[in-house]
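Student: Throw the hints in and build the complete structure from the sequences for me.
Order-wise, the sequence lines are chains V and X. Every letter in the first sequence is one number past the one before it in this note's numbering, and letter 51, counting from 1, is 51. Every letter in the second sequence is one number past the one before it in this note's numbering, and letter 456, counting from 1, is 552.
To be clear, the hints were calculated from the coordinates, so they are not data collected in a lab. Ideal placement from N, C-alpha and C gives every residue a C-beta, glycine not left out. Each hint should be verified, as a subset may be incorrect.
[Unchecked claim] Ranges between beta-carbon positions, derived for each pair:
hint	chain 1	residue 1	chain 2	residue 2	range
1	X	THR308	V	ASN30	34 to 40 Å
2	V	LEU9	X	ASN326	40 to 46 Å
3	X	ARG216	V	ARG73	45 to 51 Å
4	V	ALA82	X	THR346	27 to 33 Å
5	X	PRO423	V	VAL46	50 to 56 Å
6	V	VAL93	X	LEU209	40 to 46 Å
7	V	LEU9	X	LYS319	27 to 33 Å
8	V	LEU35	X	THR308	32 to 38 Å
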Amino acid sequence: MAISKEEVLHIAKLSRLKLSESEVDALAHNLSDILQYVEKLNELDVSGVEPMTHAVPTQMRLREDVVEQRLTRDDLMKNAPASQDGMFKVPKVVSD
Amino acid sequence: MSIYDEWDLVVGCEVHCQLATNTKIFSSAPTAFGAEPNTQVNEVDLGLPGVLPVLNGKGVGFAVAAGLALDCEINQTSIFARKNYFYPDLPKGYQISQHETPICGEGHLDVTLEDGSTKRVGITRIHMEEDAGKSTHAGANSLVDLNRAGVPLIEIVSEPDMSHPDEVVAYLKELRAIVVYLGVCDGNMEEGSFRCDANVSVKRKGATELGTRCELKNINSFKFIKDAINYEMRRQIELIESGQKVIQQTRLFNPDRGVTFAMRDKEESHDYRYFPEPDLPPMVVSDARLAEIKESMPELPAAKRARYQSEFDLSAYDAGVLSDHRPIAEFFEGAVAECPDDPKQVANWVINELLKEASADDIASDEFKVKPAQFGELVKLISTDVISGKIAKKVLPKMLETGDGAEEIVEREGLKQVTDTGAIEQFVDEVIAANPGQVQEYRDGKESLFGFFMGQVMKASRGKANPGMVQQMLRSKLKG
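Tutor: Below is the structure:
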């Protein structure tokens with residue numbers, strides 16, 4: 001299966017990546033190659049095999065519902081480039 | 097002519113219930129409503145590098161209980177998945193949800209409509225997921241509060257089985273009553289603990305193909321849901337009738353103007369690229385755990401309604417009032433246990449007197465002074481003729497105020513009904529002697545005066561004489 005330039009641009013947009021024209025070309029090739037390689041798996045008959053979601057067969061560990069408060073708001077804001085009124089300040093996310 | 101003669105309305109609901117846990121779904125940060133911004137956040141909620149989510153066991157129990165109440169298939173192995181999108185109130189860049197194998201599969205809910213008929217609404221699935229944070233938009237910036245980030249939710253998805261706004265409201269009310277009964281969710285719509293998205297489409301009457309749907313998001317009251325669906329139905333019909341097309345989109349409801357409007361898309365594409373969450377292995381609900389949850393399921397409102405009607409011979413309306421809220425139902429049942437011979441009278445007194453003085457929340461509170469057994473004792477005093485209903489109405493406020501038992505108050509204040517024939521005869525004789533004029537008129541045929549004599553005797557006894565006995569004695573003495 002070949003990946004088109006448009007698909008590369010779409011994936012880049014969803015991933016918030018900015019690509020140059022030459023990068024788009026290269027990625028379209030690379031991604032197509034990878035998919036082609038993986039397509040080899042289609043030759044296997046996996047009917048009757050449960051889909052695997054995790055490589056290690058283990059079960060979920062659950063937590064008790066007990067509150068533990070470790071961070072203060074000041075701690076939280078230490079990494080924030082900007083803050084206001086105890087909230088993270090970011091560029092406006094809805095356009096007018 | 098009704099709009100429904102020519103058009104079919106098709107509605108399915110997605111309801112988000114905030115689970116009533118103390119901590120978040122994947123972290124031990126608290127979930128209390130209304131805290132100062134960013135004071136209930138820890139490393140996991142922030143999505144800091146290197147942290148790992150650990151699932152809240154109590155939340156799992158809640159999700160299973162909700163599934164059992166809705167007759168859902170329980171998937172004893174379920175998988176969490178990442179739903180990828182960028183938004184500042186989602187620090188990780190993905191929401192942990194469930195996609196292909198949610199905790200609960202298909203089920204259904206039978207809803208009683210106002211005309212008494214039953215409507216079955218199919219449940220497609222219930223999955224667990226985390227809530228996002230909250231952004232507010234001010235000037236050139238947006239401000240992000242992550243207190244809600246990671247709050248545990250279940251999303252209950254229904255089939256598009258509803259064909260009238262009243263059915264939608266009845267479904268949502270029943271669903272809300274159930275999750276509140278189970279203690280799974282506090283059901284508070286204003287605080288966003290119970291939020292509804294409705295998928296609405298229309299088609300020509302009888303058409304088999306569904307129309308294009310619009311999603312009405314985050315409507316926070318039953319009335320608004322009805323208004324929004326009614327508006328949306330008419331909007332879509334007008335579009336189609338004028339030769340235009342309904343565009344699939346997410347719309348919000350403006351309650352002040354009574355209209356829906358298209359939401360500005362926060363993500364240009366709904367291409368979420370789900371994949372299994374590598375940080376969380378499959379979740380297994382063991383047979384033992386499932387049995388334990390089944391065991392702890394309370395009797396649900398619909399079952400109580402039916403039982404109150406068959407066992408206690410109550411009307412559908414009264415059974416509904418008594419079963420809608422768990423504290424009221426439990427109070428009623430506790431009172432009946434004390435006064436088992438007269439459940440109907442207990443029902444009347446709960447509905448007509450107790451609920452006049454107290455709400456379900458009051459009754460549930462530790463500070464509420466009257467215990468169910470004490471209330472049952474009061475009703476028992478009435479039904480065994482120890483006190484009259486009139487006196488009981490004076491006793492109840494005293495019970496509410498002091499927390500003393502009904503019998504104790506009746507004893508202390510000398511309110512016992514007088515059933516002693518001699519004493520009653522004395523009251524009757526006094527009244528007859530004091531009103532010779534009226535006695536003559538009565539004997540001449542003015543029978544309407546009987547009420548006057550009854551009143552006088554009851555007054556003389558300060559309300560304590562047994563009315564039945566007074567009536568009998570008056571009749572015979574007035575005959576002369």
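Student: For every hint, state whether the structure bears it out.
Tutor: The hints, checked one at a time:
Between THR308 of chain X and ASN30 of chain V the CB atoms are about 38 Å apart, so this pair conforms to the stated range of 34 to 40 Å. The given range of 40 to 46 Å is respected by LEU9 of chain V and ASN326 of chain X, whose C-beta atoms sit roughly 42 Å from each other. Checked against the hint of 45 to 51 Å, the pair ARG216 of chain X and ARG73 of chain V passes, with Cβ atoms roughly 49 Å apart. Take ALA82 of chain V and THR346 of chain X: their Cβ atoms lie about 30 Å apart, and the range 27 to 33 Å holds.
At about 54 Å, the beta-carbon gap between PRO423 of chain X and VAL46 of chain V stays in the expected band of 50 to 56 Å. At about 42 Å, the beta-carbon gap between VAL93 of chain V and LEU209 of chain X stays in the expected band of 40 to 46 Å. Taken as a hint, the range 27 to 33 Å is violated for the pair LEU9 of chain V and LYS319 of chain X, whose Cβ atoms sit roughly 46 Å apart. At roughly 33 Å, the beta-carbon separation of LEU35 of chain V and THR308 of chain X lies within the given 32 to 38 Å, and the hint holds.
Comparing the model with each numbered hint stated earlier shows that hint 7 is the single one that does not hold.
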